[in-house]
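Start from the sequences, fold in the hints, and give me the full structure.
Chains A and B are the protein sequences, given in the same order. So the number in my numbering is just where the residue sits in the first sequence, counting from 1, plus 113. So the number in my numbering is just where the residue sits in the second sequence, counting from 1, plus 1426.
Since the hints were derived computationally from the structure, they do not count as laboratory data. Keep in mind it's a predicted model, so treat the numbers as computed, not measured.
If you anchor each label on the Cβ, the simulated ranges turn out as follows:
(1) A:Gly282 with B:Trp1550: 55 to 61 Å
(2) B:Arg1498 with A:Val169: 39 to 45 Å
(3) B:Trp1550 with A:Glu318: 22 to 28 Å
(4) A:Glu270 with B:Val1590: 52 to 58 Å
(5) A:Glu179 with B:Pro1591: 27 to 33 Å
(6) A:Ala198 with B:Lys1565: 33 to 39 Å
(7) A:Asp141 with B:Ala1495: 43 to 49 Å
Backbone N, C-alpha and C fix where the C-beta goes; we use that ideal spot for every residue, glycine too.
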Amino acid sequence: MNDGPTGRDRSTVDEADLHALVDGQLDDGRKAAVLARLLLDRTDRERVEAYRRHRVALGKVRAGLERYGEGFAPELQRALADRLAAARRRASIARVAAAGLAASLVLGLGVATVALWRERVQPTIAIAYEPELAVPEFTFGGSFARYSGGTLEADRERSLAWLASHLRGQTLDLPDLRELGLKPVGGQVLDEAQAPAVRIAWADERGDRIDLYIGVVTSQGEQAFTLAGEGHVSLHWRQGPLVFALVGRTGSAKLLKVAHAVMHGADTARPATAPPPRVEPGPVAEDARPIRAVADPAAKDPTAKIEPTAPLVEPAVAKEAPAKPL
Amino acid sequence: MPWDPLTDETAADPVDGLDFAEVAPPRRRSVDEEVLDHVSGLRRYALLLIGDPDDADDLVQECLVRVIAQTRNWNGVKDVRAYLFTTLHNVFVDGHRRRRTRRTEVPIETVIADLLAPPRQQDWVELRDLVAALQLLPKEQREVVLLVGLEGMSYLEAANVLQVPVGTVMSRLSRGREALRRLTTHGSTARLRVVK
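Following this line, the structure appears as structure tokens:
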């Protein structure tokens, strides 16, 4: 939450802040101020606890009625589904046609083939990775990062091998983050990074993604990362030859848990094909807390750029005026 | 032990039985599943908003009919959920005056309890009090509490659905939640008058 839409004074903690805390709509800086207030003010603390209990209770109602629409007005549901599907088919056809026409005009049949391949093969990846999170500049190429496909395998040995093949033989156990509500989305190679690097992504049920960048560095004195981005919380650290960056639109507490899980998996980092050599300690101890940074302190609302429902609707090629609700 | 939001993970629902092979690439929901999700959301929101299952279903049905019959530019519907909820809100506002005040003989909290899996006794008491207290809120506050708390919308999404400024959403939420807290804390929802 920020003070943009409401013009609220951010120098004091007010009622709205307490509710925004309960709803997870405070940025980290604001959250710290509100939590500090709660430490001192028992009354407010009790109120916030009550608000939170109510939210949890409503969550239980929601969970219990998750499929409450089942069997309700089936003919209307069918009609709605048909219209949505038809609209998406039209948009998809328009996209393919536009891509094919543009490609054939500019680059000929070869580019057109690539466009169709992207259309057919990569839609889930394109949706999964939009909108783009901040990309660490150093090592990982920043906004110039380019990714090539490649999906991680479920099998542990194969994922270890995949990582080793792209990280100069270094590999690690990727953590199981299901307890944090995060499902693995996949992995990609960063083609134009300054060092061998990959990106692994997880997403929660809302589709909010956490990206883990892993790279290999050789210089012990190398500063692992600087960061370019727009308000995303990020964590950076180094373990031996591996450098890590976690970027996500989530609270720092959750990101810290992910970081610790990754650190634990990286404890076993080793060359995949040779006996494990003695790993020189990096500038950051393995048990050190990662450095936390907010990419752009000026951006007061890290969630402001989220398009929470973007995955629901496929983007249309042509600019269309948004439909006005009826 | 006081609640620490930094360590609270109740919002995160663990996902069981998934591994890389199952989710990479992520499975895309079918349109049918998506519609079911939306209709489920509309129906539970309407139920708690109105407090009468029949009226709530009438409202959802009217909303769906209006959307299906009158939407011309489907490609312009960028956010289906927001579109449906906004239409539901408009139907609700349009019909609020003429809607008959047919009150079910079964209290809403009992209806909810019947719909949900048997909760623990303590949970049940809390749910019952909360659902009953919700019905005592002014409808403007009830809408915001439900959109944010039940449907998990951001303040901006709720503001778009209700077509009011974000600040209005926040103030209604603040007043609504505080009223709920007082009502449930004092445990006397049954004796309180509905403030409309």
